[in-house]
Amino acid sequence: MRLRMPFGRKPNEFPSHLWTQCPSCNEMLFNKQLARNLNVCTKCEHHFRLGARERIELLVDKGSFHEQDAALTSGDPLGFTDSKPYPERVAAAQTKSGEKDAIITGEATIGDNPVILAVMDFEFMGGSMGAVVGEKITRAAERALAERRALVIVSASGGARMQEGTIALMQMAKILGALARLDQARLPYVSVITDPTTGGVLASYASLGDIIVAEPGALIRFSGERVTSGTVGEKLPTGFGKAEFLLERGFLDQIVPRPQLRERIGFFLTAFRAASQDLRWSL
Amino acid sequence: MRLRMPFGRKPNEFPSHLWTQCPSCNEMLFNKQLARNLNVCTKCEHHFRLGARERIELLVDKGSFHEQDAALTSGDPLGFTDSKPYPERVAAAQTKSGEKDAIITGEATIGDNPVILAVMDFEFMGGSMGAVVGEKITRAAERALAERRALVIVSASGGARMQEGTIALMQMAKILGALARLDQARLPYVSVITDPTTGGVLASYASLGDIIVAEPGALIRFSGERVTSGTVGEKLPTGFGKAEFLLERGFLDQIVPRPQLRERIGFFLTAFRAASQDLRWSL
Amino acid sequence: MLDRITGTKRTVEGNGHLPVDANLITEPAQLVSRVSAWEAVQAARNIQRPHTLDVIGRVFDRFNELHGDRGFRDDPAIVGGIADLDGRPVVIVGEQKGASTEENIARNFGMPHPEGYRKAMRLYRLAEKFHLPLITFIDTPGAYPGPEGEERGQAEAIAQSILLMARLQTPIIVVILGEGGSGGALALGVGDVVLALQNAIYSVISPEGCAAILWRSPAEAERAAKAMRLSGPDLLELGVVDALIPEPPGGAHTDHAATAAAIRTALAAQLAKLERVPAADLMSARYERFRAFGALEEPGVTAPPPAPDSWWRRIVKRAGS
Amino acid sequence: MLDRITGTKRTVEGNGHLPVDANLITEPAQLVSRVSAWEAVQAARNIQRPHTLDVIGRVFDRFNELHGDRGFRDDPAIVGGIADLDGRPVVIVGEQKGASTEENIARNFGMPHPEGYRKAMRLYRLAEKFHLPLITFIDTPGAYPGPEGEERGQAEAIAQSILLMARLQTPIIVVILGEGGSGGALALGVGDVVLALQNAIYSVISPEGCAAILWRSPAEAERAAKAMRLSGPDLLELGVVDALIPEPPGGAHTDHAATAAAIRTALAAQLAKLERVPAADLMSARYERFRAFGALEEPGVTAPPPAPDSWWRRIVKRAGS
Ligand SMILES: [Zn+2]
Ligand SMILES: [Zn+2]
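Chains as they are written, first to last, in the numbering used here: chain F, 1 to 283; chain R, 1 to 283; chain E, 1 to 321; chain Z, 1 to 321.
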């Protein structure tokens, strides 16, 4: 991030490993304090991106999370190479992040409601969805079905992972097959959309929740900026593709600030919980 | 209808009980020939309105129609009087038309498919929907359900009958309750919309067919012209509220010229017929 | 569940009322005085009358508004969400008028567009999926009659909404708060129990519209209002509403809190009954409720004898009330 | 039903092919020569290639087009309706490119808007209600990426369409005619059998888009096309399509009639098999078809042994093939 310095200060007063400037209000934020505030600007409440592990921490009841399918890693279905082979790119991303792929899944409780939780991480290859993301979400949905838990997915993704080609595309159908079964069984699915969520992730599970919430200011669009303006060449209105725009257009239930997410999701899950227990109404 | 005379002819050359001028192409049409052509202009194919009895004749397999619930007549739930009492208005309409109310229902076959058919008549109090229309359509739907026949409704109506107040409004819920059961049982319902269909009829059964077709040029809108322009005061585009506009806007499957209606409906009913017979697929 | 569950003179069998619960008005005779139809129209349209969000805030706990139709727009003229009623989660959908000119412009004077009804349907389905009771609040002059509404299928949206409510497999309570304008109201109006505030109105067309057509003069609206029998006691007599919720002496607009308290009591009592009714019985009862409307004559046809064990008796038995 | 019903190396158990029916190509080795990826891209985009309505007209009898999404607009980039295939009624939905510049403008170059996918969904539900087999034709550069598409929920419409196809209780055959562009293609692409014309392509992003992002230059599209493995034989090897329908020697654009005849033969043969499969088995098989995609490594986890009586065996038994 390029730092624009407040008037009268010199750059070296704010070394970037210690400070971050808020792109929204320009405030210089002390990194540790920013992290303590869940990566939300203490001045203007701008929501910075958040890693999957930190996200899980803030979403679940303390200590309730148990990771599943942690060992899954990507194959190389196409034998794909651009400037370097796909497996090398994955390995580099794994080394850098300490994670195996762009998603972490597991069981937890949220407001005492048993859930299966899947959280994407944009830092891992742009949160791109390949077979690992597809498999982990599908297993998550299947587990939710088997154990009659709710499913919560937090999306943050540039879309399908190009290096896995149509196999990445097929993950959309694979995941949605599992979501269809979950829906049939009347188990709740809450989709949480965070900055940024685009492409094949938005065009599949992110857009299908019984409840869909987004974080303030999140970029949410089907086409990447490049594609939309490049292909069609039209000027876009301000705020286009931001969460607030999507809310107005009818695609979000709510925009929920990060500190309220756990409580809000818990409220919905508690409200939905009775359904699967009332046999008079089984269809 | 005000006659505009073609150049050089005198009005008395075309006595109005023998001739009708086409409002679309101005051609003078000999009434008997017009009737033989199903009330469609022989020159420009403008579709004139058609009475319910004539409509039934052209829709069903020859001789297959048997009327049902023919004796039903309206009560006076509100004790309604404007310039004259409602029962007097009904009696006058009955005398003038020889019909009991604005709809005729019965069983028939269309292309050898067993159907229950309901046909509205705009000439009877503007095809308005009161309890008789509501009851006859509801019975038609219930009979279709009991006998596993398809339901075909031909609409032509100014909307709910004001003189029956909220009782007329309730007919919409009553009819749609029966249509919901028909849908649940996977029995086909074809809605045929003719000129004009507006208000509560359009906002209930006319808009809900598995297949919805309309006749060319039919006026089809939720609000009467008066209400729309009066209340909001906007200028309306040409063709607004005509069948062709509705087709473009996605609310009609097809516009079907009158002479092709029977065959077209028969095609759809034949295609849908297998469903109720295939037990592997019963849900 | 009032009439249809417990059996009253407005049901097929025509027997008398059971004791009235929750202080509801189920007989016009219970009213000390009866306002004129035109006074009811004025009261129902009073801008200071409690509107949907105001009522929701006072009647329910932890209301979480849900937005959007998932296809075109979030219509501000219809609001909805999930909240608790006495600790029990319910889905709420209501038409929303403004309490000021500014809010009325934002809310389109409570006249929904098609996407408003499509938002409502989305929430109806949510209620059904999770078996949450559905409570709707009606308060609209009618569906928006302008060209945009026509273009996006106002009639289709209303028809689908009525159809969906008719088949929705979860208990539904309808409350008419103010104006119940025609199809735009009925799109939220197909329920197991239909209640109305004492001074609410419900009509097939506005009195002004009726007067313009039948009397050829909007100035005859007062006369039309009377003829249409759109006031609370009229609707009660016609069976269109099952009971009236009493308003404070000066009218609902004089005391929002007291009005909300009466609504809350009524909802809690009805919901407690509805929740004991098995799904299949509830669906039959809802069907029969609307099936029964209509003043008809049918010479030569004798009415079929009532079934020995009718739908509402079954329900009364199972519900044990 | 090819692979999944009869069992091939691309199913879980990895056994060999059963005899090939309807002259379909189920092994790349059956191809005399293999065009380059870039040649396939050119062929798939050839404006003279047979497009959906042209194919429908030649393959089916008595096609009756059905219009509209019942909510916003009739999208000309998606066509659909009911027709007969060998006297058996089916529902057809397909993406429609133009055969001329004028038609391409009218058809938006085969790029559907959200209302196009919503029209498709309406027809999917119609097929399900009346248990008519569904046949879809894919031919699109992708869903329209412009602002109107975003505003009306392009992503939501595609997601709902995929979800609906995944659960739709009627047999589905998918045919990729030309370009299979990403999610805009997959919205019509979830079937029990997925076929492609020999020179059709299917990809997660256009070669140009891929090149622009990964090679930072659209000029590298040819290289990207090769790397993405988007041509017919590649898709066959990946299991993304179940079989290729052979094109005439000069390519489909040289002989529309022969191409249509090959499609017709393939559809009739597959449909005859699919129709014998009970609903529950079909739904399981469709689930497993897409469930199986993914090259994965999972250290420390041994794959579970195959179930003794797996979904496809059950189907083979019942279908008796
Ligand atoms: Zn800030
Ligand atoms: Zn003419």
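Careful: at least some of the hints might be erroneous.
If the Cβ cut is set under 8 Å, some of the chain Z residues that face chain F in the computed set are [claimed, not checked]:
1) V32
2) W38
3) M121
4) R125
5) P145
6) G149
7) E150
8) E151
9) Q154
10) A159
11) G183
12) L186
13) I213
14) Y287
15) F293
Coverage of chain Z stretches by chain R, computed from C-beta distances (three or more under 8 Å per stretch; other residues unrestricted) [as the list claims (entries may be wrong)]:
16) 54-67
17) 225-234
Please keep in mind that the hints were generated in silico from the structure rather than gathered at the bench.
A quick note: this is a predicted structure, and the numbers were derived from the prediction, not measured.
For glycine and all other residues, C-beta sits at the position ideal for the given N, C-alpha and C.
Practice prompt. Quick one: which hint numbers does this structure break? Sort them smallest to largest.
Written response: 1, 2, 3, 4 and 17
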